[in-house]
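S.K.: Now for the letters of each chain:
4 protein chains.
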Amino acid sequence: MSRKIRMGMIGGGRGAFIGNVHRMAAALDGQIELVCGAFSSNAEKSKLSGDDLFLDESRVYGSYAEMIEKEKALPLGERMDFVSIVTPNHVHFGPAKMALENGFHVVCDKPLAFNLEEAEELERLVNETGLLFALTHNYTGYPMVKQAKMMIQNNEIGKVRKVIVEYPQGWLSTKLESTDQKQAAWRTDPSKSGIAGAMGDIGTHAENLAEYITGLKIDAICADISTLVDGRLLDDDGNVLLRFDNGARGILYASQISAGEENGLAIRIYGEKGGLEWHQMEPNTLLVKWLDKPSQNYRTGVGELYPETQAHTRIPAGHPEGYLEAFANIYRNFAMCVRAKLENKEVEKVYQDYPTVSDGVRGMKFIYKVIESGKADAKWIKM
Amino acid sequence: MSRKIRMGMIGGGRGAFIGNVHRMAAALDGQIELVCGAFSSNAEKSKLSGDDLFLDESRVYGSYAEMIEKEKALPLGERMDFVSIVTPNHVHFGPAKMALENGFHVVCDKPLAFNLEEAEELERLVNETGLLFALTHNYTGYPMVKQAKMMIQNNEIGKVRKVIVEYPQGWLSTKLESTDQKQAAWRTDPSKSGIAGAMGDIGTHAENLAEYITGLKIDAICADISTLVDGRLLDDDGNVLLRFDNGARGILYASQISAGEENGLAIRIYGEKGGLEWHQMEPNTLLVKWLDKPSQNYRTGVGELYPETQAHTRIPAGHPEGYLEAFANIYRNFAMCVRAKLENKEVEKVYQDYPTVSDGVRGMKFIYKVIESGKADAKWIKM
Amino acid sequence: MSRKIRMGMIGGGRGAFIGNVHRMAAALDGQIELVCGAFSSNAEKSKLSGDDLFLDESRVYGSYAEMIEKEKALPLGERMDFVSIVTPNHVHFGPAKMALENGFHVVCDKPLAFNLEEAEELERLVNETGLLFALTHNYTGYPMVKQAKMMIQNNEIGKVRKVIVEYPQGWLSTKLESTDQKQAAWRTDPSKSGIAGAMGDIGTHAENLAEYITGLKIDAICADISTLVDGRLLDDDGNVLLRFDNGARGILYASQISAGEENGLAIRIYGEKGGLEWHQMEPNTLLVKWLDKPSQNYRTGVGELYPETQAHTRIPAGHPEGYLEAFANIYRNFAMCVRAKLENKEVEKVYQDYPTVSDGVRGMKFIYKVIESGKADAKWIKM
Amino acid sequence: MSRKIRMGMIGGGRGAFIGNVHRMAAALDGQIELVCGAFSSNAEKSKLSGDDLFLDESRVYGSYAEMIEKEKALPLGERMDFVSIVTPNHVHFGPAKMALENGFHVVCDKPLAFNLEEAEELERLVNETGLLFALTHNYTGYPMVKQAKMMIQNNEIGKVRKVIVEYPQGWLSTKLESTDQKQAAWRTDPSKSGIAGAMGDIGTHAENLAEYITGLKIDAICADISTLVDGRLLDDDGNVLLRFDNGARGILYASQISAGEENGLAIRIYGEKGGLEWHQMEPNTLLVKWLDKPSQNYRTGVGELYPETQAHTRIPAGHPEGYLEAFANIYRNFAMCVRAKLENKEVEKVYQDYPTVSDGVRGMKFIYKVIESGKADAKWIKM
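Protein sequence lines, in the order shown, are assigned to chains A, B, C and D. Numbering-wise (the numbering used here), the first sequence opens with residue 216 and increments by one. Numbering-wise (the numbering used here), the second sequence opens with residue 216 and increments by one. Numbering-wise (the numbering used here), the third sequence opens with residue 216 and increments by one. Numbering-wise (the numbering used here), the fourth sequence opens with residue 216 and increments by one.
No wet-lab data here; the hints were simulated from the structure. Treat the hints with care, as some may be off.
Which copy is meant is left open, because identical chains are indistinguishable; a pair holds if it fits in one copy or across any two.
Unchecked claim - Cut-off 30 Å, straight-line C-alpha distance, at most; resulting in silico cross-link-like pairs (DSSO-like, lysine-lysine):
no., residue 1, residue 2
1, LYS287, LYS407
2, LYS508, LYS488
3, LYS560, LYS262
4, LYS564, LYS397
Build out the structure end to end from the sequences listed, making use of the hints.
M.R.: Below you can see the structure in the form of structure tokens.
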């Protein structure tokens, strides 16, 4: 089968942010081809976006329903192989469900859905259909995140005792949603975002990262959830105490009112023998700390890294890779798995690695529990 | 009065760590002269330490009680002007009380006392006698900590909304107290340290730093206090949610099992207009963040800093100052205030700046509240 | 003209490094489509690479000459619009010349050619044909490099007085060319690389970066050029004193035996009012220094940056962009200029920005002069 | 002999900068007592400084000659043991010569003298008298500088191939000497500073650091020496190519017009097996780089450091030490050696470590050679 995997996009028209990220991520490795899209619920807008992207007019649709129907009618190899859903949270469930029910694999932006029921329904559908479903918790796509995961899995730092995961941003320090800013508007609107603001938008990334790297599950949480900008409808800051299933303790915080912070996702993990520290804004370095020995700067491309790490880096040491490359890792792995399905082949284990619908359900549960704990004035709640 | 201020030391004999720190800090600026000491409760050991320090034999005592009595008998100007208490926590109260009752000013290591009752008794005595009392919460002695405090006081970053203060260390990642290590032994021994381990030893520094810089008071806390090394008798890790009296939210954590961390006290403060970040291990930089403007690296010695900052730095930009210089700032200010008392003069306001007995009482209350909240399984407790 | 710009690639078959970089860079923005290639001078190998890339068999050629001839025979809109040359230095001239002579635009890897004569011949051809020619001095594609350039152009740091540009690598610290390593082999082989090793491979990047950012020309150089690994045939380390045409002084060094360095291209520029510092390995930050004011951390996506900067960044602040994105900027700008040619339109000035054949000639001259000065035992030589 | 070593100071009165640095450095470890001084050639000013320092009036002198004469008349144990000379360059030779001729050990600020003849005369006198002479090239006092030296001495990074030593400052970016600034005035005045400006003031520190750490000697230099601020009488910027006696190549630069730089002394050294990097402004870290292994952050107080390193640090890991502590290491070692002389004892080898009069002669030669090479328009000159 000598062809690229074919993608149809839902959402991501002119003016959107994340749609273009998905397109660049999908394009980077030359494995995926954008063949169609329903870029906007406004057919005219959708058309304009299709032109921008040099798509055949006949493959630019006015709604996701139209796209799924019409594409299904095309022969395999011509029709899209999967959909990529890049709409706001409240428009994840509809297209995902319809795509799955019509035999299309799915890539979906996070959080998985508007509420827990939707999320669980999607998980059920994925299990039922056997279709592939990737959730773009893109931060786990970074090579040094893989390295950290493997070092813990191989007991290099000993049993994990403490985890600090943080995600400070500052862009909602003012009431930006009262201006024209589209990104701020839907993210702070309960009818589009769901029950959580910052905790849903970025808190779930932090939760996902911590569980992915440590291989542990958060067992209980105790949260202080706040809205610090007057008149905002959802939380913009949350501080959470964590207990993990192995007894480790932790802190998770997410904030969108940390003035002057950009996109400061970071994690520190301490085991009995050593510690790991990683910062998303300098993603090619993993700081490895030891009891009474000098710390080490693990770097992509330097020395003996795990095969899982090497499989997710493209260029030599000192040639920085960033956000788009990490995002592209998810698309590349997903495309390899789709291709394997189409060709009835196996994929090497290091590439069978992207966040799934189950990660999405877990993220939705996390959202529910922190909001519940926050309302209960910080009591411990089991996950 | 052309003479140095005269110091007598209690504790700090051979093998001690903090005693020598106090001596270096006191010596640095040429304002203070060590004239006598009771360096150990073992008279022979005390004598040996006196020899190391080139003290007159007659001024080296076998107990603090002996020292206070005999020094009191000497004429003013010959006798010590103040005592410096550098013993473990359970031996703070005795000498401090006796010194105050006999008319000596006091410098005391932190935490102030073994328990809250002792702490409050010392505060009462200080108020009653009008004597000066400095508590060596030395981290507030750093120039860029002064700068941060003044920037907030002058509303440069707007109303404070969030505070993250952290103090990770790794040196107690193993059961070091089972070896011969003296520092580990008393710090993990409830009969010497009091009801708290890490929270008392370093958590109080974090609390003090946060309140000093922000000018806010912690109003309520919700804590998860743990002992992660098997068989240890006191806490070695604590994670605390904070609410401040102006409504700001926060996190404080202190840990001595964060493997590979050295002495990582750090604070981040976010206001409505900007943020501040300071790391004790790189103390000459204050990172100042702004909403949608480039962040700035404030540095000791560069540009227009507050007089309070300038008064606490000794050398030009790019000549790093460290822990001992910050510690020395407390001694220098204290010595200036003692001199002013002796000479009936005024001290410039920028030098009337050292932690007091009241900071010590506050620290003890903090210890009590976090331990109480930890035992109550993380419920909000008012300070 | 609703279609992507069509690229044919010369070189870059299986096992090559830079070919894949060019392909990812070209693909990222969805403006360019790879339609054909002569990936190897071995037709069978070329075919295999074509399969990897999902190309139509009929468009995979066994030689660049075949490709240029056959593509020329295809109608416009179907045939390639430009060639991308990613072969070793000694195979730049042949395909570039033939492409230009047959009406194809060219992207070529650096250095421009094997020797100065070839370089000047290509410059002549470009001028004669009016075709577009981009040289992938990719490091000038970084957004913060644009910002630095514009700040100097707008006199923000005053007249430039001093420039330090450095490019340390460590990968040739051992005699790697004696192993099977292909990259090391051709780069240290005078018959493939030309008269210079490190100075050609990376020294020219440093020269190009310094002149691009400052807007100055290097007027004279005084060089110490060495081969520090026994038996190596070309230089692996060079230290060069610089004088610029405005009187500024400088240092340029390039090294491939700086053990432990990755790809440490960095530049520091000092003017009468301030300084700039940029590190390729942390490319999203530009450190801006001032006389007696705090330094500032300019960051992609934060605050008011020049339009030239903004035009070369794709994602918000704190989402790191890297080497491939900078490389892609060159391809994206080149593609926009090719499209404008095809459509007889104008391109906005901020996008008319990629290194040209003239930069390539200048780089070749630089190589000749530093080698000449090195042989003359460091005497000043005019550029 | 249970007493402190007694110091008399020459220079360093009110308004001076370096005098107070010397006093703090001497005081820090409680080994040295300031007993007398000729702080100014103006007797009244000297007296005021003596008062500031709580000195006995009878020991505050109006000239260095008076001090040396009168102190010599006092009995040993009461009189000063050594002089500390902290005057501008042109007033080093006179007091140093007289002190040596009268049996006093000497600490002298750098550079050693006003010209090479004076320097060689002092060296002759030191050899003749057998007195101790320390030159305060203070930057070699840092513990991680010792660590770097020992790592090279023990072949940890293999044979040294390349050295980059740099010392950028920005404080003379404007013509500060035209204002009242005392520090700028004498440093740019050939009648006080000697034949060199920046190269003498800070270039010699760079030279000393490079030779101290590597254990190599600079064999030849090729220099570009400039005055970039109009009307300045001495050099304010110098760039120098280096060749070392083992064949290693290098670059040294010193600049006082690097706008926005503070005191950026830094060194990078590359051997066959690895590299070392140290920055004076973050002095407690030594970055250790390896061929194809993660780099390591050696830190004062962490892990197994050389005894030479440990002997020059006073406080545990993570408690930053700075400029004054490094400076104090020179005084402490010098005092230990003086004490050993007085007591006819041996000093442990790790403490027999301070810059000597011979380092000073070497520094003067370096100044002469770089100025000569600069005037010869960058030709190679043997050291």
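S.K.: Out of the numbered hints, which ones does the structure contradict?
M.R.: none
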